[in-house]
Amino acid sequence: MSKLEIKDKQVVVPGEMLAEGMDYLPGFGTYRDKDKIIANRLGIADIQGRALKIIPLSGRYIPKNNDVVIGKVFDITFSGWRLDINSAYSGMLILKDATTEYIARGADLTQYYSLGDYLVCKITNVTSQKLVDLSMKGPGLKKLGKGRIISVNPHKVPRIIGKQGSMVNMIKNLTKCWVIVGQNGLIWLQGKPSEEVIAIKAIRKIESESHLPGLTERIKAFLESIVSDKSKKQDTTKQDATKQDTKPDKRPDTKPEGESQ
Amino acid sequence: MTYEKRHDQRRPEETRVIEAKAGVIPNADGSAYFKIGNTVAYAAVYGPRDLHPKFMQDPSKGVLRCNYNMMPFSGMGDRVRPGANRRSKEISMVTEKAILPVIDLSDYPNAVVDVFIELPQTDAGSRCAGICAASIALADAGLSMKDLVSAVSVGKVDKMIVVDLDYEEEAYDDGPVADVPIAYISATDEISLLQMDGEITKEELMKGIEMGKKACLKINEIQKKALKDRFNNPNGDHNEQ
Numbered sequence: 000m001s002k003l004e005i006k007d008k009q010v011v012v013p014g015e016m017l018a019e020g021m022d023y024l025p026g027f028g029t030y031r032d033k034d035k036i037i038a039n040r041l042g043i044a045d046i047q048g049r050a051l052k053i054i055p056l057s058g059r060y061i062p063k064n065n066d067v068v069i070g071k072v073f074d075i076t077f078s079g080w081r082l083d084i085n086s087a088y089s090g091m092l093i094l095k096d097a098t099t100e101y102i103a104r105g106a107d108l109t110q111y112y113s114l115g116d117y118l119v120c121k122i123t124n125v126t127s128q129k130l131v132d133l134s135m136k137g138p139g140l141k142k143l144g145k146g147r148i149i150s151v152n153p154h155k156v157p158r159i160i161g162k163q164g165s166m167v168n169m170i171k172n173l174t175k176c177w178v179i180v181g182q183n184g185l186i187w188l189q190g191k192p193s194e195e196v197i198a199i200k201a202i203r204k205i206e207s208e209s210h211l212p213g214l215t216e217r218i219k220a221f222l223e224s225i226v227s228d229k230s231k232k233q234d235t236t237k238q239d240a241t242k243q244d245t246k247p248d249k250r251p252d253t254k255p256e257g258e259s260q
Numbered sequence: 000m001t002y003e004k005r006h007d008q009r010r011p012e013e014t015r016v017i018e019a020k021a022g023v024i025p026n027a028d029g030s031a032y033f034k035i036g037n038t039v040a041y042a043a044v045y046g047p048r049d050l051h052p053k054f055m056q057d058p059s060k061g062v063l064r065c066n067y068n069m070m071p072f073s074g075m076g077d078r079v080r081p082g083a084n085r086r087s088k089e090i091s092m093v094t095e096k097a098i099l100p101v102i103d104l105s106d107y108p109n110a111v112v113d114v115f116i117e118l119p120q121t122d123a124g125s126r127c128a129g130i131c132a133a134s135i136a137l138a139d140a141g142l143s144m145k146d147l148v149s150a151v152s153v154g155k156v157d158k159m160i161v162v163d164l165d166y167e168e169e170a171y172d173d174g175p176v177a178d179v180p181i182a183y184i185s186a187t188d189e190i191s192l193l194q195m196d197g198e199i200t201k202e203e204l205m206k207g208i209e210m211g212k213k214a215c216l217k218i219n220e221i222q223k224k225a226l227k228d229r230f231n232n233p234n235g236d237h238n239e240q
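First to last, the sequence lines map onto chains H and B. For the first sequence, numbering that gives the first Met the number 0 gives the first residue as 0, with consecutive numbering after it. For the second sequence, numbering that gives the first Met the number 0 gives the first residue as 0, with consecutive numbering after it.
No wet-lab data here; the hints were simulated from the structure. Keep in mind that a hint or two might mislead.
Stated by the list, open to error - Covered by chain H, per the in silico footprint, the following chain B stretches (three or more residues, Cβ under 8 Å):
hint	stretch
1	82-90
2	225-231
To be verified - Result set (PhoX-like, lysine-lysine): computed pairs, CA atoms no more than 20 Å apart in a straight line:
hint	chain 1	residue 1	chain 2	residue 2
3	H	Lys-6	B	Lys-60
4	H	Lys-200	H	Lys-232
5	B	Lys-217	B	Lys-34
6	B	Lys-145	H	Lys-52
7	H	Lys-191	H	Lys-229
8	B	Lys-201	B	Lys-158
9	H	Lys-175	H	Lys-129
10	H	Lys-175	H	Lys-136
11	B	Lys-212	B	Lys-34
12	H	Lys-8	B	Lys-227
13	B	Lys-34	B	Lys-20
14	B	Lys-60	H	Lys-129
15	B	Lys-217	B	Lys-227
16	B	Lys-145	B	Lys-212
17	B	Lys-212	B	Lys-96
18	H	Lys-63	B	Lys-212
19	H	Lys-35	B	Lys-53
20	H	Lys-129	B	Lys-53
21	H	Lys-155	H	Lys-136
22	B	Lys-60	B	Lys-96
23	B	Lys-158	H	Lys-155
24	H	Lys-6	H	Lys-71
25	H	Lys-175	H	Lys-191
26	H	Lys-6	B	Lys-224
27	H	Lys-95	H	Lys-141
28	B	Lys-201	B	Lys-217
29	H	Lys-142	H	Lys-71
30	B	Lys-145	H	Lys-33
31	B	Lys-20	H	Lys-52
32	H	Lys-155	H	Lys-191
33	H	Lys-8	B	Lys-224
Source: prediction; values computed, not measured. Note that CB positions come from ideal geometry on N, CA and C, so glycine has one too.
All chains, please: the whole structure from these sequences, using the hints.
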């Protein structure tokens with residue numbers, strides 16, 4: 000008789016026995032040793048019928064085909080650009096896939112993408128030796144303008160995006176920021192500086208609490224409380240400013256940021 | 000006078016008090032703290048990341064690179080000259096070899112996983128503490144591992160076979176002393192580190208290893224608990240007991 004040693008969604012560590020017996024099948028992050036199934040990664044156990052797998056909680060990004068990632072140009076070659084994609088491996092964006100514009104022979108490639116530019120691009124191929132091909136042809140793929148880039152744990156990206164983008168849309172709506180989430184754990188935000196700070200706080204909260212149940216409700220409550228606090232404070236500071244009429248060049252929206260730290 | 004009772008009243012098979020935490024260094028990809036008695040080890044894992052110099056790259060699998068470092072005033076005796084020396088280089092190498100059997104780096108060709116082990120305070124058994132900390136940190140970094148490696152030193156002080164010698168026992172003057180650090184992989188019942196300093200008979204050595212294996216099983220539980228505790232406390236506040 001097969002016996003399950005763990006509960007669904009429990010945190011498991013390498014070397015921990017998940018099940019005994021041949022009725023269960025080892026999935027991602029597990030291996031079979033005779034009749035036992037043992038975890039070989041730190042993560043959350045996921046039981047799907049007879050299959051046992053582990054959803055990792057930590058680790059660097061490993062490039063995967065069809066992922067949309069945010070990369071930073073760090074080298075320009077004869078035939079394209081080399082991008083740092085927050086991984087052990089860099090991505091190659093060749094001329095053909097870089098833009099729909101015509102690029103003349105011998106043109107200065109920095110006028111398209113220069114060193115240090117951040118690009119949203121898609122991974123089109125990953126070889127066995129982890130050579131990564133990138134493309135800029137597709138909806139939403141573009142060069143990023145001003146804004147902030149933050150780095151998060153790449154394994155938390157699905158939680159930050161949510162089901163059909165529900166979580167990231169909530170952050171966008173409540174903070175009025177533009178947000179682009181790369182699968183490699185880089186996130187670009189643009190909005191009012193004070194709103195950007197709130198969005199970043201919400202993302203950090205998701206990152207640290209994503210393995211606990213009821214995440215969406217907690218993040219919603221968190222964002223709403225900050226946003227309503229902020230609007231109240233802004234109202235009072237505006238009233239004070241009109242009453243006393245002192246320090247006219249002080250920006251009221253910078254105040255709540257410092258206080259909430 | 001013979002050494003019949005351990006100076007700190009421990010039983011022969013008893014280790015010093017152990018404390019372990021995972022995720023103590025936010026900037027690292029994985030990190031751990033491991034304290035056994037007065038020996039304290041921190042391990043930080045970075046990677047998989049690009050490996051330079053390029054000639055060290057291996058196109059078939061990733062490379063594990065360990066770095067063991069004792070801090071200048073960590074010991075009980077004189078100041079240790081900072082930086083690498085023969086001893087630390089050897090210990091870095093044996094740490095790598097102790098951990099390699101459990102870790103699978105085939106997914107990371109041409110890349111490196113760096114492990115930095117720092118010892119701010121030592122009281123013997125530092126390479127074992129380093130291996131324990133490193134294996135927690137590697138699991139915390141999300142790498143694929145068959146099991147956690149646990150390590151402890153065993154040995155002979157005068158006529159007594161003991162587990163987890165401290166500095167006072169290692170420096171015992173009135174009789175022969177042997178110090179045998181071992182690293183044990185419980186999943187496969189393998190020993191991945193076995194060194195010896197001193198004199199010991201074959202029978203005594205075998206007895207010591209058996210005692211060491213039992214101690215390693217207990218250490219393994221503590222290591223696993225440290226990793227789980229990291230996620231039971233969402234605020235990331237690991238400093239409280």
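These are the hints, each one checked on the structure:
Interface restraint, the stretch 82-90 of chain B with chain H: violated (0 residues with C-beta to C-beta distance below 8 Å; minimum three). For a cut-off of 8 Å, the count of residues in the stretch 225-231 of chain B with a CB near a CB of chain H stands at 4, and the three-residue condition holds. In summary, the hint linking H/Lys-6 to B/Lys-60 is not supported, as the alpha carbons are separated by about 34 Å, beyond the 20 Å threshold. For the suggested pair H/Lys-200 and H/Lys-232, the alpha carbons sit about 19 Å apart, so the restraint of at most 20 Å is met.
Restraint check: the Cα-Cα separation between B/Lys-217 and B/Lys-34 comes to about 14 Å, which is no more than 20 Å; the hinted pair holds. In summary, the hint linking B/Lys-145 to H/Lys-52 is supported, as the alpha carbons are separated by about 15 Å, within the 20 Å threshold. Distance restraint check for H/Lys-191 and H/Lys-229: the Cα-Cα separation of roughly 13 Å lies within the 20 Å cut-off, and the hinted pair is therefore satisfied. Of the pairs offered as hints, the one joining B/Lys-201 and B/Lys-158 holds, with about 14 Å between alpha carbons and a cut-off of 20 Å not exceeded.
Our distance criterion of 20 Å between C-alpha atoms is broken by H/Lys-175 and H/Lys-129, whose separation comes to about 38 Å. Among the hinted pairs, H/Lys-175 with H/Lys-136 is inconsistent with the structure: their alpha-carbon atoms are about 27 Å apart, more than 20 Å. As the CA atoms of B/Lys-212 and B/Lys-34 are separated by approximately 19 Å, the hinted pair is consistent with the 20 Å bound. Under the criterion of a C-alpha separation no larger than 20 Å, the hint pairing H/Lys-8 with B/Lys-227 is consistent with the structure, at around 13 Å.
Between the alpha carbons of B/Lys-34 and B/Lys-20 the distance comes to roughly 9 Å, so the proposed pair stays at or under 20 Å and holds. Restraint check for B/Lys-60 and H/Lys-129: the C-alpha separation of about 11 Å stays at or below 20 Å, so the hint holds. A threshold of 20 Å between alpha carbons decides the hint, and for B/Lys-217 with B/Lys-227 the separation of about 16 Å falls inside it, so the pair holds. Using a Cα cut-off of 20 Å, the hinted pair B/Lys-145 and B/Lys-212 holds, with the two alpha carbons roughly 18 Å apart.
For the proposed pair B/Lys-212 and B/Lys-96, the alpha carbon gap of about 18 Å is at most 20 Å, so the pair holds. At most 20 Å may separate the alpha-carbon atoms for a hinted pair to count; H/Lys-63 and B/Lys-212 exceed this at roughly 41 Å. A C-alpha spacing of about 40 Å is found between H/Lys-35 and B/Lys-53, which places the hinted pair above 20 Å, so the restraint is violated. Between H/Lys-129 and B/Lys-53, the direct Cα distance comes to roughly 16 Å. Compliance with the 20 Å bound is thereby established for this hinted pair.
Proximity of H/Lys-155 to H/Lys-136 is assessed by CA-CA distance (about 26 Å); at most 20 Å being required, the pair is judged violated. In summary, the hint linking B/Lys-60 to B/Lys-96 is supported, as the alpha carbons are separated by about 15 Å, within the 20 Å threshold. Using a Cα cut-off of 20 Å, the hinted pair B/Lys-158 and H/Lys-155 is violated, with the two alpha carbons roughly 55 Å apart. Between H/Lys-6 and H/Lys-71 the alpha-carbon distance is near 41 Å, which puts this suggested pair outside the 20 Å criterion.
In summary, the hint linking H/Lys-175 to H/Lys-191 is supported, as the alpha carbons are separated by about 8 Å, within the 20 Å threshold. With a C-alpha separation of about 17 Å, the suggested pair H/Lys-6 and B/Lys-224 falls inside the 20 Å cut-off, and the hint holds. Simply put, H/Lys-95 and H/Lys-141 have alpha-carbon atoms about 15 Å apart, close enough for the 20 Å limit, and the pair holds. Restraint check: the Cα-Cα separation between B/Lys-201 and B/Lys-217 comes to about 25 Å, which exceeds 20 Å; the hinted pair is violated.
Note on H/Lys-142 and H/Lys-71: the hinted pairing holds, with a Cα-Cα distance of about 10 Å set against a maximum of 20 Å. Restraint check for B/Lys-145 and H/Lys-33: the C-alpha separation of about 14 Å stays at or below 20 Å, so the hint holds. Restraint check for B/Lys-20 and H/Lys-52: the C-alpha separation of about 25 Å exceeds 20 Å, so the hint is violated. Restraint check for H/Lys-155 and H/Lys-191: the C-alpha separation of about 25 Å exceeds 20 Å, so the hint is violated.
Among the hinted pairs, H/Lys-8 with B/Lys-224 is consistent with the structure: their alpha-carbon atoms are about 17 Å apart, no more than 20 Å.
Consistency with the previously given hints fails for numbers 1, 3, 9, 10, 18, 19, 21, 23, 24, 28, 31 and 32, ordered from lowest to highest.
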